[in-house]
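Undergrad: Sequence:
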Amino acid sequence: MPCNPSYEILFEPMRIGPVTAPNRFYQVPHASGMTNALPRVRAAFREAKAEGGWGVICTGACSIDPSSDDSPLPFATLWDDNDIRAHALMTEAVHRHGSLAGVELWHGGASVMNRTSRLPPLSPSGIPWMATHVGFMGNLRPKTMDKADIREVLRCQAEAARKARTAGFDVVYVYAGMGYLGYEFLLPEYNHRTDCYGGSIENRVRFVREMIEVTKDAVGQDCGVALRVSLEELRDRPGRNQPSEAHELVELLADLPDLFDVKMDSSPTDCSASRFSGEGSHEPVIDFVKSLTKKPVVGVGRFTSPDTMVLQIKRGVLDFIGGARPSIADPFLPAKIREGREAEIRECIGCNICISSWHDGVPVRCTQNPTAGEEWRRGWHPERTDRADSPERILIVGGGPAGLECALTLGRRGHEVTLADSSRSFGGRLAFERTLPGLSAWNRVVDYRLGRLNEMGNVSLYPESVLGADEIIELAPDRVVLATGARWTDMLYSSMEIPVGRLDHPGVFTPDDIAAGRLPQGPTLVFDFDNYYMGGVLTEHLAAQGIPVSYVTPAGQASAWTIMTNELPLVHRALARRKVPVTTLHLLKSFDGETATLAHLFTGEEVRVACRSVLIVGLRLPRGELFEALTLRADALAAAGIRNVDRIGDTLAPGALAHAVHSGHKLAQEIGTKIRWQPYRRDTPIVDAVADFDMRTAAE
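Residues 0 to 699 in numbering that gives the first Met the number 0 are what the sequence shown lists, from first letter to last.
Heads up, some of the hints might be wrong.
Claimed, not checked - The calculated DSS-like cross-link candidates involving lysine-lysine, where the alpha carbons are at most 30 Å apart (straight line), are:
1. Lys289 - Lys313
2. Lys293 - Lys313
3. Lys335 - Lys289
4. Lys588 - Lys578
5. Lys335 - Lys313
Stated by the list, open to error - For each label pair, taking beta carbons as the anchor points, the in silico distance ranges come out as:
6. Gly654 - Ser424: 21 to 27 Å
7. Leu153 - Gly654: 28 to 34 Å
8. Asp385 - Pro522: 54 to 60 Å
No lab work stands behind these hints: they were computed from the structure. In this text, a Cβ means the ideal position worked out from N, Cα and C, and glycines have one as well.
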């Protein structure tokens, strides 16, 4: 199908200084977990987006100097010739598809700990970033920059820009956002200087201005120069001549960079999960920028709807449609819009599991797109799959995220697939979870896959089909795949921080009870040691039903692991809005129907809480009964010609939705191929062996 005429504006070429982007789809800089240590993984990951039609493809944070060292968190570098060669793999891959390549040159300032370089962090006035995330904590305080330090950082920026041009980049960034060095000069909390770099907004902007100027002097004839800037805090500060200091900043720099990349100040607001923010949530902060500059503006907002994208452009909010998470979920989003295949877009669900990948220091993961980060490692493509060498008749039992993904990929590979589920509708755990506060977008996992499966003649879908061992043997497929999910248990949690024993009482509930419509009587105590979203969101759910509820966890925060997905402060705010009491660092010891006994995790001191019900959100275990029953019928399976019984998703090992989808995809890629599968290809850094040998020899 041709492109909808309403969307043609999205495919107009756009100038960025001396270079031209082929369209308005702009993959803004975002972390991928793929540093210079994984150059081939990184290149293939970014190439998929260029192939899918994104007009500009940018790196994540790329350090300009060892004084900007974020280890052990993953970051890229442009320090030497080896780095140039590593980045060139990416620029060459992006250019193969006619897209521009951008590099986010970055100095972390006081927000990095320089754990590896062991250099003092730098900041305008020696003010540290006192992070609450343990991965960011450190006890080395920054050095106050003198004029020589400022000159050296400017020199490093210019030199890194020249290296970026040599590596083949078309757009080179100056970064003044998210708590990093340029941002620290802009904000009075960081900047207490009394010289020409501090005080008035004009002075506080000076360092960023000089960073742009040295970058343009270095590469401005060949590369577009972009300013990435956070405006959320400055938007809240009244200006002297403009409504805010954010307005004044843009006015002061209006003609200098070739592009403004505008964003929020902190990860929880910049990359807010769909549970708390909808599409286009940045607009109230950044809507004024285009009124003060004639240069193009890019911004993000988890855009997946082409109608919303067009409105952003026509209403004068943005020139480029920025995408980070949507570009991971569907690298081919632009191509699908161009080709009139909007229904096939694999829309981002806003779960932020991709962001947790960076916190974990690993290549990016995605719930919607199991091929993300696996393009080079496993040879997976987001849109294409190899046909099976030996097509099989495959029965999948369980139509949740793992089963749906497995069926889709098997169908695309040419297998004859039957997907059966005992429920009236497909979706597995999401059939319930999508109804919880803020999680409706997560059903895109189901909608996308069912939409594609319903188009496939070699896949048959059977809801409301209860299959036991006898029925499976009678059907006699070549292979059985079990995706029967997991169940929540009523196990408690010990001071050794492991699940122990059961709390057996009629007033004890698990999330499975809530999913089945069995609501507890209030007051209810939620005891959460799962630590992801479920405990917090179920607490909200019960409170919304009018049930008095309190929340208890042995962790230090509510839904503690959501700090990895940028949700933690928003979780606490949501519980506070519901007036839910939160108790941390406590174990649930016992419950008698009227009182729950809690014990402090470290001291053992006990307290008692009056309640009529307890909801335990803790350990999940696989639903393994069907697998065990089939295992006991090995002879009957063989007689029926059933060669294998495999498990995927939560049936194999309970995890997040991303784990389930990846598990289903991985098995589907492996079935029916003659290739002996390795776990994955291991990437290696690009290193000049001769130079490395010479350095060792000189040291000796």
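Undergrad: Each of the hints needs a verdict: does it hold here or not?
TA: Okay, the hints, checked on the actual structure:
Only pairs whose Cα atoms come within 30 Å are accepted, and Lys289 paired with Lys313 is accepted, the gap being roughly 12 Å. Taken as a hint, the Lys293 and Lys313 pair is honoured in the structure, with Cα atoms around 15 Å apart against an allowance of 30 Å. For the proposed pair Lys335 and Lys289, the alpha carbon gap of about 28 Å is at most 30 Å, so the pair holds. As the CA atoms of Lys588 and Lys578 are separated by approximately 24 Å, the hinted pair is consistent with the 30 Å bound.
Using a Cα cut-off of 30 Å, the hinted pair Lys335 and Lys313 holds, with the two alpha carbons roughly 21 Å apart. A beta carbon spacing of about 23 Å between Gly654 and Ser424 agrees with the range 21 to 27 Å that was offered as a hint. Here the CB-CB span from Leu153 to Gly654 is close to 46 Å, at odds with the stated 28 to 34 Å. For the pair Asp385 and Pro522, the beta carbons lie near 56 Å from each other, so the given range of 54 to 60 Å is met.
When each numbered hint is compared with the structure, a violation occurs for hint 7 only.
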